[in-house]
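Student: Order-wise, the sequence lines are chains A and B.
Residue numbering for the first sequence is 1 to 212, as defined by the UniProt record's numbering.
Residue numbering for the second sequence is 1 to 212, as defined by the UniProt record's numbering.
Quick caveat, the hints were computed from the structure, so don't treat them as lab data.
Small disclaimer: the values here were computed from a predicted structure and weren't measured.
Some clues are possibly wrong.
Copies of the same chain look alike in the list, so a pair counts if it fits in one copy or across any two.
As the list claims (entries may be wrong) - Here are the simulated DSS-like cross-link-like pairs (lysine-lysine), alpha carbons at most 27 Å apart as the crow flies:
| # | residue 1 | residue 2 |
| --- | --- | --- |
| 1 | Lys73 | Lys33 |
| 2 | Lys45 | Lys73 |
| 3 | Lys192 | Lys154 |
| 4 | Lys33 | Lys192 |
2 protein chains.
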Amino acid sequence: MDAPKVSSTKVANAEAGDTKTPRTERGRRTLRKLLDVAAIEFGEKGFHEASVSSITRRAGVALGTFYTYFDTKDALFRALVNDMSDNVKSSARSALDDDMNALETERAALHAFLEFARDHKEIYRIIDEAEFVDPASYRAHYEGIAQRIEMRLKSGAEAGEFRQDLGEVEAWALMGMNVFIGLRYAVWGDAKSDLEDVAARANRLLSEGIAT
Amino acid sequence: MDAPKVSSTKVANAEAGDTKTPRTERGRRTLRKLLDVAAIEFGEKGFHEASVSSITRRAGVALGTFYTYFDTKDALFRALVNDMSDNVKSSARSALDDDMNALETERAALHAFLEFARDHKEIYRIIDEAEFVDPASYRAHYEGIAQRIEMRLKSGAEAGEFRQDLGEVEAWALMGMNVFIGLRYAVWGDAKSDLEDVAARANRLLSEGIAT
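Put together the whole structure using the sequences plus the hints.
Tutor: The following block contains the structure:
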């Protein structure tokens, strides 16, 4: 799967808080470029070693241009974590289809996430480093995903496909499964890892458990 | 649950690699003290802000004493990650009983881990920071846990309690469930989080899945 296309609306979302919103299409493209390059720079070097001057050099923009969008390296990192959260969300959504039942939805969402993580391995390092650099964004990232999973579990229960008593515990359990399967097979796995099969096995665990 | 008692054998294990093994009981106690104080220091300040001089001050030992055990702050951090891996392992093991069936074993292991993490919240921050400070230990920590879970799944299958086709994917899924439930309820939860109930819900997901 290709990276989900990122619209200018999404770029605007990514900026929540401390990014200065660009007014022109050209400005939005520059902001997008800065976020994409920042993902590579932070992914390779980590937050502390990454530098604004290296990011602007890689993006081919002047140092002054950077500061029309972000006040600090911290502000860029925060915007990047929000942007990645948003991209994880839309990569899962874009794989879903109204015809899918609740279980198929979970399988497709996991498979899309695994493909996304394989194509953007840096996402783990960046989200994980947020625990130290920007704890509020780290927590918001996982709480947001858990809330979306919990809503899917509830609608699966309303449709009569899932147990009626599912809630926050099961949502966090499911998120943890997906995150660690992604770490093992999408980030640490080799190119031959069969992500479709991995998602199907996780889905079977979800559907029927492991007991005989 | 109290912290598992840490024997001098375990201290010796924690040192794998680059700790100098103490020859006397007094030396082993000093090493244990340094590891305990390091957990607090690294947990509070993170690796980069933590300092050897602050650790020795907190432990009430001379700076020179530190260097009879560790060459560097990095070596101490590595020893601490190994020690924590070991403590997670023994906290789960000490909760298990030969009479338990395979499912009860998983519930008890998770419950013991949740209690351990509530009493040692710093463990998440330290293991997570190892991803950046000492990636090999980070990976070894999770691969070791996944291998132990996979062995338990296989013996549950041999006993006829678990499905025959369980393997690495299910082991990583189960580990991820446990880690994220621990983050939500043991580390971020309040003192009133009912960890026994949380472990029971996760165990039901494991036993029968979420589908109707």
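Student: At most 27 Å between CA atoms: does that hold for Lys192 and Lys154 within a copy, between copies, both, or neither?
Tutor: Between copies only: 25 Å across, 35 Å inside.
Student: Reference check for the pair Lys73 and Lys33, CA-CA at most 27 Å: within, between, both, or neither?
Tutor: within (15 Å within a copy, 38 Å between copies)
Student: Between copies, within a copy, both or neither: which fits Lys33 and Lys192 at Cα up to 27 Å?
Tutor: neither (30 Å within a copy, 46 Å between copies)
Student: Using 27 Å as the alpha carbon limit, work out where Lys45 and Lys73 are close: within a copy, between copies, both or neither.
Tutor: both (13 Å within a copy, 21 Å between copies)
Checked against the numbered hints above, the structure violates only hint 4.
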